[in-house]
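2 protein chains.
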Amino acid sequence: MPVNLTSPVAAQLLPVAGVSLGIAKAGIKRADRKDLLVMQFSEGTRIAGVFTRNRFCAAPVIVAREHLAQADEIRALVVNTGNANAGTGEQGMSDARTTCAALAGLLGCKASQILPFSTGVIMEPLPVARIAAGLPGAVADMRADNWFDAAHAIMTTDTVAKAISRQVLIDGMTITITGIAKGSGMIHPNMATMLGYIATDAAISRTLLQQMAGLACDRSFNCITVDGDTSTNDALMLIATGKAALPEVTTAGSKAYSALLAAITEVAIWLAQAIVRDGEGATKFITVRVEGGRNEAECKQIGYAIARSPLVKTAFFASDPNLGRILAAVGYAGIDDLDVDALKLYLDEVLVAENGGRAASYREEDGQRIMQQSDITIRVALNRGASAATLWTCDFSYDYVKINASYRS
Amino acid sequence: MPVNLTSPVAAQLLPVAGVSLGIAKAGIKRADRKDLLVMQFSEGTRIAGVFTRNRFCAAPVIVAREHLAQADEIRALVVNTGNANAGTGEQGMSDARTTCAALAGLLGCKASQILPFSTGVIMEPLPVARIAAGLPGAVADMRADNWFDAAHAIMTTDTVAKAISRQVLIDGMTITITGIAKGSGMIHPNMATMLGYIATDAAISRTLLQQMAGLACDRSFNCITVDGDTSTNDALMLIATGKAALPEVTTAGSKAYSALLAAITEVAIWLAQAIVRDGEGATKFITVRVEGGRNEAECKQIGYAIARSPLVKTAFFASDPNLGRILAAVGYAGIDDLDVDALKLYLDEVLVAENGGRAASYREEDGQRIMQQSDITIRVALNRGASAATLWTCDFSYDYVKINASYRS
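Those protein sequences? They're chains A and B, same order as listed. Sequential numbering from 1 applies to the first sequence in the numbering used here. Sequential numbering from 1 applies to the second sequence in the numbering used here.
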């Protein structure tokens, strides 16, 4: 059960002019399951991407990077679930290219104008024949108001689809942003087993689009962890069709730039948080806020030590205010000159620890009360600077083990 | 159930001349449980220690470091289980000193000649009155052949006691080494929630003893991980009483030095592996060997990425050869110039992956067969240098979550 997250409502997902989406059941891993998505873009669309930094990155990631780097406009992307096409060597590269060529043939463009994405099991050959056979159905299904099904077609161990739309008024003109994402395990930044697609009808210069993708990602998908594992396939695509009335955004820091970046970041944060809320086996959504640090890097470092700790995460699963485990995680985060007597630890508004130990005012029943909640904030005030970082994670339950022990069966 | 590890046999644990041990039931956390250990040393005994690097180190760790640094000989140590006296601020420091003073009063020495150790729950006040009340019983119980009970008195979530003796003949003279350790969760190097005490009747110079403690620890306790959490209380003590006939070892690299270091390291490795075999919820003991690296640091870095990955560990729990997860962990270990096409992955003797993907010779049934074993070796040959590192870890099971979700209850 996801934590305070419900399935999207189809009618609330707004089409983005210039984007059409088609879905098919290609039988990639299981029969009778939506597992193939094609997104087609109108002429003039620009796309920027942020990809996994895993050295064992998947074949489709390599191919997508190549295609983005060349001069021709990207006209479509294709996503399959059920197989990651990662750890598949030369054959995997060939399979990713074959997939692009098959879709290009149907759409009348070059293979290099297609971006391929895969998610699912690693080190299994991609069933490229089944994908090719499924593509005509996906193309036939294409329409602008298909975001709801698209969000479902990219799910793996996700229990609910993740999709959201936002509209923002800039200089009196409406801009629409719709995003979908998938991911639930193997979630750790740079990036997660995560695929995210955010489209807007705004026109944004190529340089600024890439900048926005990086900035939005740093504040969202790069601030979450479920299990500390970083996937081979992660990708966030930011798509700008330029179909809206608003003139092209070409100046960083302009009012339109700032408004757009804020709205895109908001969509990215919502999707990233949705991934954590639907984290494998999650029963609690935990915000980790580290503030008063010398710089953002050390705040993130401490935040991730807390957010990754299996001992902290199992204590939250048990609703047990065994909060010394948080102090231990702060202590081993690797900040060599950290003064542990100077920091304060809060659970929501409750002061838990100060002066190197339990706060005199802390009462076990206050900790217990907060631990019963499904949304909890851990706040660490370092008192050594003015920087801060916020991360999101979930607890660690029996079901995490169950899901991952039986993933392939 | 520990993995291929049985309870020690009392008769096989050899006394070390110059060391006597006494145990008591002080009721620190539970009634009627051995939870207090005193070890007393004869005059001339030297002690070297390696401690946790956690910034939130426990009060007894700070006090033990202080006492080791001063000139007076250490005459005894005291270990309580059931409470870590960590995250306890000034009161914790005072409680650790009170414990030392109480034992010093009974033994007729200075408080600064006592080393205190605590293990158990963090951020709870140490019940120092109960410890003081228990000490006379522990002192009355002191005898040389008490290692078996001592190993039991320091257990927390351990399911079996860890103790071993070795004898080595050096220049025709017998040297005895006996070690005990505890630890099962919150296990990650630098160091583990781990207490280890290794005593020998050899005479070793102060400088060489500290050197040996560091070297033995680097090859043993600093090569294990259960859950990636580093404790606030870890300590390994190496005790040399000098009661054997062998002349004092004063030269690094001498034959006697090398023979002693090898034997001490063997005992340390056995104890460290025993901790992993008894890792919380462990059903499999996994050796991770990374070889062909440019240096040992990168081999350890890759080894720990594998050994810490919840996805890898849950796959081993399930006996599921979902081995792409190992490649993914290698890929995110942070070696930026790693050539993933050059490496080979083996499970025991079975070649699983090469050339960036599954090996042509690999058959699922071979992987499946190895995964059924309780002792398994993951071997990664990087083919980029001559360095290697070996780590030990265990799988991640329902019981890990269960044990840690209910630890305080």
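Keep in mind the hints are simulated off the structure, nothing from the lab. The reader is advised that the hints may include incorrect statements.
[Claimed, not checked] Per label pair, the in silico range of CB-to-CB distance:
1) ALA360/B to GLU66/A: 22 to 32 Å
2) ALA31/A to ASP218/B: 27 to 37 Å
3) GLN211/A to THR377/B: 40 to 50 Å
4) ARG294/B to GLN167/A: 49 to 59 Å
5) ASP339/A to GLY385/B: 34 to 44 Å
All of these numbers come straight from a predicted model, not from anything done at the bench. All residues carry an ideal CB built from backbone N, CA and C; glycine is no exception.
Consistency of the hints with the structure:
Taking 22 to 32 Å as the suggested C-beta distance range, the pair ALA360/B and GLU66/A conforms, at roughly 26 Å. The hinted range of 27 to 37 Å is not satisfied by ALA31/A and ASP218/B, whose Cβ atoms lie roughly 53 Å apart. For GLN211/A and THR377/B, the Cβ-Cβ distance of about 46 Å falls inside the hinted range of 40 to 50 Å, so the restraint holds. Look at ARG294/B against GLN167/A: about 53 Å separates their beta carbons, and that is inside 49 to 59 Å.
Distance hint for ASP339/A and GLY385/B: a CB-CB separation of about 39 Å, consistent with the stated range 34 to 44 Å.
Of the numbered hints listed earlier, the single one contradicted by the structure is hint 2.
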